[in-house]
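Q: Order-wise, the sequence lines are chains A, B, C, D and E. Going by numbering that gives the first Met the number 0, the first sequence opens with residue 0, and the numbers climb by one from there. Going by numbering that gives the first Met the number 0, the second sequence opens with residue 0, and the numbers climb by one from there. Going by numbering that gives the first Met the number 0, the third sequence opens with residue 0, and the numbers climb by one from there. Going by numbering that gives the first Met the number 0, the fourth sequence opens with residue 0, and the numbers climb by one from there. Going by numbering that gives the first Met the number 0, the fifth sequence opens with residue 0, and the numbers climb by one from there.
Mixed in with the good hints there might be a few duds.
Some chain A residues close to chain C (C-beta under 8 Å, calculated; not the full set) [said to hold, decoys possible]:
1) 50
2) 54
3) 587
4) 591
5) 597
6) 598
7) 601
Read the hints as simulated data drawn from the structure, not as lab findings. Owing to the predicted nature of the structure, the values given are computational and were not obtained by experimental measurement. Note that beta-carbon positions come from the ideal geometry of N, C-alpha and C, so glycine has one too.
Spelled out from the first residue to the last, the chains are:
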Amino acid sequence: MTRPVMYALVALWTPAIAALALAALVPLRKKGWPAAAVAIFSSLVSLGSAIALFMDRLHDEVPQQLVAPWIHAGSTVVAEVGVRVDGISASMLVVVTLVATCVQVFSVGYMHDEPPAAYGRYFTLHALFLFSMNTLVIAPNILQLFAGWELVGVTSYLLIGFYFKKPSAARAAVKAFWVTKFADMGLLFGLLVLFAATGNFGWDAKLSHGVATAVTLLFFLAVVGKSAQFPLHVWLPDAMEGPTPVSALLHAATMVAAGVFLVVRTNPLFAQAPATRMVMLGLGAATALFAALLALVQTDIKKTLAYSTCSQLGYMVAALGAGSMLGGFFHLTTHAFFKALLFLAAGSAIHAVHSNEITDMGGLAKKMPITASAFIVGSLALAGVPGLSGFFSKDLVLEAVEGQLSNVPYAALMLTAFLTAFYMGKVVFVAFFGKPSNEKAAHAHESGLSMSGPLMVLMVPTVVAGYFGATFAHVQGEHYHFHFGTGPAVASSLGLAGIVLAYFVYGRGPRTEQPAAVALVDRIAKTRLVNRVYEYGFHNVTLVVASGLAFVDRYVVDGLINLLGYGAIEAGRKARPIQSGFAPDYVLAVVLGVVGLAVWAVFGSWR
Amino acid sequence: MNSHLLSIIVAAPAIAALIVMFISERDGANSRLAIRLVSLVGAAISFAGSLVAIRTYDKALGGLQRVEDYPLIPSFGVHVKLALDGWGGPLLVLTGVILFAGVLASWTVKTRDREFFALLLVLTAGVFGVFVSQDLLVFFLFYEIAVLPMYVLIGIWGSSHKVPARGPFKFVWNIFDIGGKQYAAMKLTLMLLVGSAAIMAAIFVLFLKAGGTTFDMGVLANTKYDRQTQIIVFPLVWLGFGTLAGVFPFHTWSPDGHASAPTAVSMLHAGVLMKLGAFGVMRVGMVILPEGARYWVPVVGAVAAINVLYGAFCAMNQTDLKYIIAYSSVSHMGVVMLGAATLTTTGWNGAVFQMVAHGIMTGLFFALVGLVYERAHTRAILKMGGFANVMPGVAAFFTLGCLSSLGLPGTAGFVSEFMVFLAAWKSQHYFWAIPGVLGAFITAIYVLRATRSIFWGPGPSHDFHDLSDAKKTEWGAIVILGSCLVILGFWPRLILDYIDPGSVEYLGKVLAPVSALARLP
Amino acid sequence: MIQSIGFGLVALCMLATAIMVVRSDNLIRATLWLGGTLLATAGLYAIVGASFLASVQVLLYVGGVMTLMIFGVMITRRHEGLDVPAESTGGVRGAIAAVLLFVVLAAAIDKTEGLDVLRVTPPTTTAELGRALLVEHVFAFEVLSLLLLGTIIGAIVLARKRDLGAAVRALHAPRPAAEIPAPPPSASGDDDASSKVAA
Amino acid sequence: MKELATLWLPLAVSALAVVALLVDLMLPVPPPGGARSKTPAPVVGWVVILGLAALFCVSFFHETNSGTAMHGAYRASYFATYLQRLFLMGGLLGALGGLDDVAKRTPHRQGEFWLMLLSSLAGMMILPGARDLLLIVVAFELMGIPLYIMAAYSKTDAEPTGAGVAPRGWASEAGLKMYLVGATSTAITLFGLALLTGMQGTTKLDLLAATPLSPLAALGLVFVLGGVGYKIGMVPFHMWVPDTYQGASTPFVAFLSVAPKAAGMSVLTSIFLFGLGAHKDVWLPPMAIIAFLSMGVGNLLALPQTDLRRLLGYSGIAQMGYVLVALAANDAMGLGMVLFFLTAYLFTNLGAFLVVHTAAEAGGGYTFASLSGLHRRSPGLALSLLMFLLSLAGIPFVIGFWAKLYVFLAAWRAGLIGLVISGIVLAVMGLFYYLRVLQAAYMTDEGDLPTPQPPPALQLAIGLCVLAVVGLGLWPRPLIEASTRAGVEMMAPLQAAQAQAAVKLTQR
Amino acid sequence: MTLSHVLLLASALFSVGVYGLLTRRQVVAILLSVELMANAANLVFVAMSRFRGGVSGQIFAIFALALTVAEVAVGLALVILLYRAHSDTRVDLASELKQ
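Only chain A is shown next, with the shape it has when bound in the complex:
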């Protein structure tokens, strides 16, 4: 066992042990704070080994892996489990553990008011999530990746439903799970097709064109679900029912990015399927624009960020579709930092005013300087303001997309960049500037160190990550050199323009009515068309089929069996009167029986 493999194993198993311990040692969990301590400690250990691994990768580019047979059939090993250490997994591991650690620390303060049992449960689930995510990240094959993929889905389900007493949270959790589970069937089928073609679950097989397209398309279905691409994005805004730190970690930084990570990971397969990549490019760009438009009309700060996440994931998918693995992955990384920062800052604000609505905030910048600055820095990074990390990664994406598919996706992404800046500007101006809209906002104060600390920590990569692009690329075995061309210039100017426009629209005091364009989008968004299609499908197709089959089961299948019983018993009842109680009838039976026998004896064919 080599050192990097050991780092990876430590990073993997520490949270696992923590989760197991917290699950098994009930008193520890029920007490509350020890659970937090254990979880955070495990995350820190995990983070440490992740960083060590990343450092190691800086010098050593040869991938290493350690696997053990997991499922076998006869002498054939069907599936293996283990760890794989290479640039992709190391980078992702750092991102995941860093954000997770920050979020967990943040949660110590944020979840403070929860009862101890719930508090313990929360951190147990966090530890479990980290384990699951690490399983996914360092998977040596797609099967283990799928396992982690499903596990993070479940932790997502459980964490969205953390406030399970709220019916809306319960619904959102189940909805999230159903939608992603539906999409996961794609991944499962993809695995089946892949295995049938190659006999293993590796991602470096050479496939025929058709198989490659089929496999990658099926994989992409899972990506669409997990990374909330149109039209399976519907679960992500609802998922904001979960605690805000959860949204930060799972539904912004890491779990939703797993879809993108899958494509990055299985890039050798996707590289063989240009058709799939075109679909990704189109759908990614469309989602980016579509989600940005929807983000525009949200007044709930978390929902705005959720649609923004969709939109940014669209960027990544588009980049991957355009063939830029690095672009997608880099944007994933930076996005993880700044979106986690945004969510945590939003969480801090929400914690202060006890409301998600930006209209209930206002003027928070003065009361909560750290929170506000964090949010603003995050927003600027998201808007692609030059110098911040988002700028570099978004630039890389745009560069890759440029010129593809008659530049339509490019244009869409450009427009999205503008819209992004605009809606983030709106949030910043409404929530953090101007006057407090109510008593609570007026008396808001800065959160404690456990909450502000992570914000400050996360601000660092948000600002500087862009400058490490070359290192990042180096670890992936690729090259990256930034040059300020027209693309970045246009994009960043559009971003600035969006901010400026947002200032003019929202930055000068509260408004009663929306601009006409925004109102139009709002009206369209309120139709909830996509959601309604799904609801219609569920109620009028799935449930109808189910009740139809249940009817068949009751009345036809079971009915026939009852009929058999009925037939026998009724025949017996009908035959009873033959036994009349009248002796001559009995004698008649004897005589007729004898006559029957005699007929056989005389006329029968026995000779």
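Given the coordinates of chain A, work out where chains B, C, D and E should sit on it, guided by the hints.
A: For chains B, C, D and E alone, coordinates are given in the frame of chain A:
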């Protein structure tokens, strides 16, 4: 001692049952405790024995090990021949676990507990017997012993909850005043025994065509039956055992039966007994009648695929908790049969693994449902809500069961379902995998719906005043089962290593070219 | 020839009386007609040369069975003279069954070869019969004696009505007016039970 | 003298009958009138029981399995010994079960009842060894006629009746119906035998098959089948069965339902297997049809019954159908399994009737209601009933499972596949009513009936039956080996001879 | 007169007996019909013995005769029981046990 391990495993519950029957009931609480302790000890001996048996099974060697042979009626070739094969070990352990958990789960049985535990133990002795019998007639004998006590167990201790006869001919049952659990028990018993009748006919043919001198399954498996015979007899075995495995359309005993059975009985029945059916189809039908199996697998697999989807859809429409779980069993047993029908090592491994996985999972489910029912006095999920607030442990384990049932990686359900789907996709009938995977998705819909409406949402209404979390022995049951699910999910080779040699050996017989088989008169 | 004429006459008698046995409206007469049938049978035995059988038939059968039957009829009647109705119903049903049976029997006789034997074997001597009865079939004979013993005892036990006086006393014993009228003592099948009541 | 030694078992039973009669005569006669209320002790009954028990035991120490007697009319064999033991056991259990019932119901004519029982038993004892049709007929009647008397013996309804209710003449009716059908059957049997023996020219079983069958002889043969079938309760000669079972006193019915049936089977075996096995093609199809009808009608009509005695009666009809299936196999295994089944059936059905009787005596009559709460009132009795019902239904680890299994296996082996399949299906159907009885005993607890208190003799009888049903179910080997031995002993020479004849036929 | 004639006669007698058996409603009359049937059987025994040789037929007939008498005796005892219960001897009085 060691050389009679299998007999001890089989006999321990039976002897415990006998002892239980002779414990005086007059002594109040003491005798109640004695009954339970004796049962628990019997179960523990079997459980421990099965663990020893599996640990000492030489997986590299494979084949039959620990052979014990007691002549019962040697003149007619009936021997109580017990031996452990690759499949037997894991299934023995499964039975041991479920029995142990079942005894713990029924600690609070109130009425006529002496008879209850005795019957429960007798039933399990039959199950153990089936898994280790190498003599077809003794196999059948144990099978019947396992099936029959169910009638009494459901009829007496079944839920008083009305399980009405359904369908256009329900009035028939009312004529005889057979409503509720008696109806369910009667239907279950009669349907299963119709299946037994088919098996019996098949056994006759197998025995007589092999020369009429022995029932040894090894010998029968090496006998070359002519094609015509195989094609005629295989469906008898398939449907005969299949009735117990819930093969469509002979599954309708299962929902009613499980819904009205008491907790431990549901656990054993869905957890272990239904596996006997699938085990019989594979061990008797496919291994002894390879050509018939090869001829019929397209039908077997297609019906299994129907089972998966049909069961899942039916489960979705239920509002009674036990019905949901029962239909889900029908659906999951479809996965087992699907794996069997692939005639591949992966598929067979998956099928046997699914037997174990589903056994544990459904055992867990029924244990929990029993707990919920006992405290809530209703099984209508639409009336419940927010139970997680007062019974968080139950909620957690229920969720775990749900996750395993929908095939979540990290639980045992995933391993088996994945193997089966993989094998199905690779077999000649790749389209079988599609309903399989869809079925898993539908499962996700209905189990999570059920979880949500029972456990989530605002706290329980005032109608439920004696809700509480699981208690002492009940924890024992659910923790054992729950941890088995997770352990097997993470490290399936704990049992896969034993299943595999069995599958390889038996599949070799099924797929062997005809000429390679010894020709017997 | 003479034999054939004799057979014809006897057969005619036998069938005619037999039909009277089953058709007569009067039970006593039917019983007497049966005597005729049995006598005719005895005659037939004589014609075919089974003289011992013929005598046994007359002595034992006609004498014994007839007496028994008439006794049976009389004991179950309350002095209604000789006019005892012997109801019969379902004539069509019975006729169909009987005719069917006869047709099958006749067909069998018709289909069997070697039945048109004219020869009657030389008359069996009584000694021959006696030897067969008491040597060859002696065991059956012994068993028969046990059978007859058992039958007689059994029939007596069933038929006797012990302690009639007690039953009559029970009938006339004073009883509460509200009570349902007790069954007539003769209807009480078990004499012991009724005698217990009396005690 | 040697001949008598061969015959010692039947003779001993006859002697016991005489002894019983003498003991009865020596008992003090109760004075007429007043002092008759005291129930006399069942002295004769105990004499009979002890005598039968002694004979049963001695039969194991002194086996006569060979030798002929009475000019070839009787031949000892293991087959005969097996069946004789079976009859002795049936008589013993019947006597134990009926002891107190007879003493209670007919206190002042007990002796005659035991005489009847022993006469009937003596007839049975002769049947399996009889090799002459004449002897068979006489012995058959010796068995049959006392049964009419015993059926009507108590003269009144077996059910306890309330004050002021006329005692119904159910026992008389039971006897009368049995008698009317029986007399008809006797006449038919005699007519058939006349044709058969006349056409074949002999009454000896061994010579019966020497001549080819003419249509008339075949007709005689099926008449005999019908006539003997009445005693077994084969459909359509079964109709007296439920009525008689319901009307006669139940402990007697327990005996009636097993021992005479076994004897009837022995007669069928003698005539059809030993006598005319070579002419199987004549009698096999009718017998198969009758077997099917018996299984079907028995099971079907048992379904809706409400009186337990009638239910068991119909079930017995079906059970005899199963035996006929094995009999129709016409080979060594078939015969062995017939014997095995009859043994199983003896203990099972006798026990079931006795339990039902015990429960009914405690109240509730012979309805399902009389079993209500039996598991609580008398767990042992309920458990016994459970065992008997399982055995009747053919469920493992009680003897009935092996019986049914091997009966069907033997028939299947002989190629009667259709018959076996229908038998298996109908057997499953029959499970319904056994389960209903079980349900009544175990799953209902309504009303407040008193605890049944069976007298010691009855307890002993039920206990013996349970012991046999469970013990032989767990360890059937000795019984199966014995019955197979009996079957092989009788059938192997016959089959060899038939095979030889077939070879000759082909050579010609 | 050949054997077949006698057999035909016996068959006719038997059938007449069956007719009576099925139509008569007085138990005693039924017994009479049974006697007719038994008599027919005896006739066959004797005829077979006389036309085809052997004495066993006649012996059989003697035994059959005795058996019939014994049966009649029991039958009459049962008739008396019936009469005691119902004051009549119609067979349909004994039809309480049914179905």
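Q: The structure should be examined with respect to each hint, and the outcome stated for every one.
A: How the hints compare with the structure:
1. 50: violated, 105 Å
2. 54: violated, 109 Å
3. 587: holds, 7 Å
4. 591: Status holds, d = 7 Å.
5. 597: At about 4 Å, which falls below the 8 Å cut-off, the nearest Cβ of chain C leaves the hint on residue 597 of chain A intact, so it holds.
6. 598: holds, 6 Å
7. 601: Holds, because the Cβ-Cβ distance from residue 601 of chain A to chain C comes to roughly 5 Å (cut-off 8 Å).
Hints 1, 2 from the earlier list are contradicted by this structure; the remaining hints agree with it.
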